[in-house]
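Colleague: We have chain A already, so just place chain B on it with the hints.
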Amino acid sequence: MAGPPETLPEAAADITAGPEPPGPMREFWHHYRQNRGAVVGLGFLVFLVLLALFADFVAPHPPDAQYRDAFLTPPVWQEGGSWRFPLGTDATGRDILSRIVFGSRYSLSIGFLVIVLSLLGGITIGLVAGFSGGWIDSLVMRLMDVLIAIPGLLLALVVVAIMGPGLFNAMFAIAIVYLPHFVRLTRAATLAELSRDYVTGSRVAGAGLPRLMFVTVLPNCMPPLIVQATLSFSTAVLDMAALGFLGMGAQPPTPEWGTMLADAREFILRAWWVVTFPGMAILLTVLAINLVGDGLRDVLDPKLKRS
Amino acid sequence: MFRFAITRLGLLVPTFLGVTLIAFLFIRLLPGDPIEILAGERGVSPERHARLMRELGFDRPLWEQYLNYLLDVLQGDLGRSIVTRQPIIEEFLTLFPATLELSLCAILLAVVIGLPVGILAAVRRGTVFDHSVMAVTLTGYSMPIFWWGLLLIILFSGILGWTPVSGRLSLLYYVEPVTGFMLIDTLLSDQEGAFLSALRHLILPTVVLGTIPLAVIARQTRSAMLEVLGEDYVRTARAKGLPPWRIIGLHALRNALVPVVTTIGLQVGVLLAGAILTETIFSWPGVGKWLVDSIFRRDYPAVQGGLLLIASLVMLVNLVVDLLYGLINPRIRHRRA
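In order, the protein sequence lines correspond to chains A and B. Residue numbers for the first sequence follow our numbering, so the first one is 24 and each next one is one higher. Residue numbers for the second sequence follow our numbering, so the first one is 2 and each next one is one higher.
This is chain A alone, in the form it adopts within the complex:
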């Protein structure tokens, strides 16, 4: 079985490539475009990133401004609502729309950082395990077995219990949860590549170990890692929100979406909007990321393509 085309990983990383004719970017886009859901998801993600970047200009109010004349105002289309607070206000009179807009900063950047953290850790550990073999390999893999045996959210809760609640610690905790997946993938891909002729060739030519690991072998392990990273990105956003919801992630008054839901819990039967909109934001974001992940998988890893 031939590995995935070697030009594609660069295409994924190189999103700003120029308009040169059939460059890798063009080729990538041509295949990606076939999946309409993936295009929609990507569009929504771009919109979200812009929203996060320009939150100061887009949001009608500061995220933590409390309006004492407007506790639990319903959204604009309901009786009692006004355009001043399009999606209503929460129990302390803060504009929900503004908080959701600012919250996009947290969810996106944290999800992204989590994935970068566990991807970097996973790649390094996986490469080391794959290259060294023997007892180091066994030890690492057994350790990963242990981490996988613990349900993700429980492991994250335990790590947060050790480190204390908070945005950064929760991020670290979730990065640990995803680590084993990247380690296993990297190791499996490394083992598959190590027996190839080009690796032997490079070795014979005198390439050092770091060069063999990161320059020769790693690029060819990337496609499954990119796909897994996108799919984990969505679950990381979910887990982060879940930790926030349980009171172990971002702490109030941070406008993180999960934390907003936790604040809103006691009002659910009186004011549906305080619960509905932050959750909707989580759902749409996760959905968009999953759509993009499906599209990337179809392009980068045709072997995995289902249907």
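I should point out that these hints are in silico values taken from the structure, not numbers from a laboratory. No experiment lies behind these values; they were computed from the predicted model shown. No residue lacks a Cβ here, since even glycine has one placed at the ideal position from N, Cα and C. Incorrect hints may appear among the rest.
What the hints assert, rightly or not - DEER-style ranges, computed between Cβ atoms:
{"hint": "1", "chain 1": "B", "residue 1": "His50", "chain 2": "A", "residue 2": "Gly157", "range": "43 to 49 angstroms"}
{"hint": "2", "chain 1": "A", "residue 1": "Arg165", "chain 2": "B", "residue 2": "Leu68", "range": "17 to 23 angstroms"}
{"hint": "3", "chain 1": "A", "residue 1": "Ala211", "chain 2": "B", "residue 2": "Thr8", "range": "16 to 22 angstroms"}
{"hint": "4", "chain 1": "A", "residue 1": "Trp100", "chain 2": "B", "residue 2": "Leu161", "range": "35 to 41 angstroms"}
Modeller: The following block gives chain B in isolation, referenced to the frame of chain A:
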């Protein structure tokens, strides 16, 4: 098969030891005084502190402490909760049936709906039905279930008033726990309406917990069926003129089920993690809510015990799934590792 089972069991030992090591280190990694953490006593006199340190074995080298912990664990002694002073294993076992009942109902719901929906989507590939199934399951898969639970409460408990908001049974009833499963115990107790009350309490949590497994199972079944439907033996069966239901139900499904069974098994971890959220939302008195409460009460021995028990449970179920997989798929069982 025997050989396969033995190899698989052998792999379990280091993993279990690893989990005990993590549980052991958890207490040692917590910031603060170990006496305060393990005995729940604060502000004790230096003499008592020293005596407790000795009693709890903290003056020993770390490896000896671990060995002692491991010996205790193997004898079923997980220590006592510092809040209730009850043995942790007893607390866990009292609450576990509630989680088990909820999880079983959730997985049942997921299989009963997910399997036929997945099969039908594969058979009607490319139709509106197939596309809607894919869209709905992707949404279900992306669902923040804690939010989903709150939405269902708003709709069914708040607006429609059909279901209760929390707990397992209305306060009007008292049911002696026999099996620990409320649905069975209420039937045994012969109280009018108790069973219905238990059922109404169970519906929303089941839906919430079952959502993600349902989506995963439906998608997995669909793709497994699609793969199998393209095989030669299915074409042969068609060419022989067998009725479609026979081809789908007998020839295709049996082979498609192999990966689906694995998927169902893998949902156990998802279910237990989901139970933490679901039980918290619905105040369901199971081990998930107990764990979250224990973390907030700083009842760390309870967290340690729960961590160990839940991880062991996941490992055990994965083992059973692997053995089952070997049983249905001879290719796995005869492969030399």
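Colleague: Compare the structure with each hint and give your call.
Modeller: Now for the hints, and whether the structure bears them out:
The supplied range of 43 to 49 angstroms is met by B:His50 and A:Gly157, whose beta-carbon atoms lie about 46 angstroms from each other. Taken as a hint, the range 17 to 23 angstroms holds for the pair A:Arg165 and B:Leu68, whose Cβ atoms sit roughly 19 angstroms apart. The hinted range of 16 to 22 angstroms is satisfied by A:Ala211 and B:Thr8, whose Cβ atoms lie roughly 20 angstroms apart. In this structure the supplied range 35 to 41 angstroms is violated for A:Trp100 paired with B:Leu161, their Cβ-Cβ distance being about 22 angstroms.
Checked against the numbered hints listed earlier, the structure breaks hint 4 alone; every other hint is satisfied.
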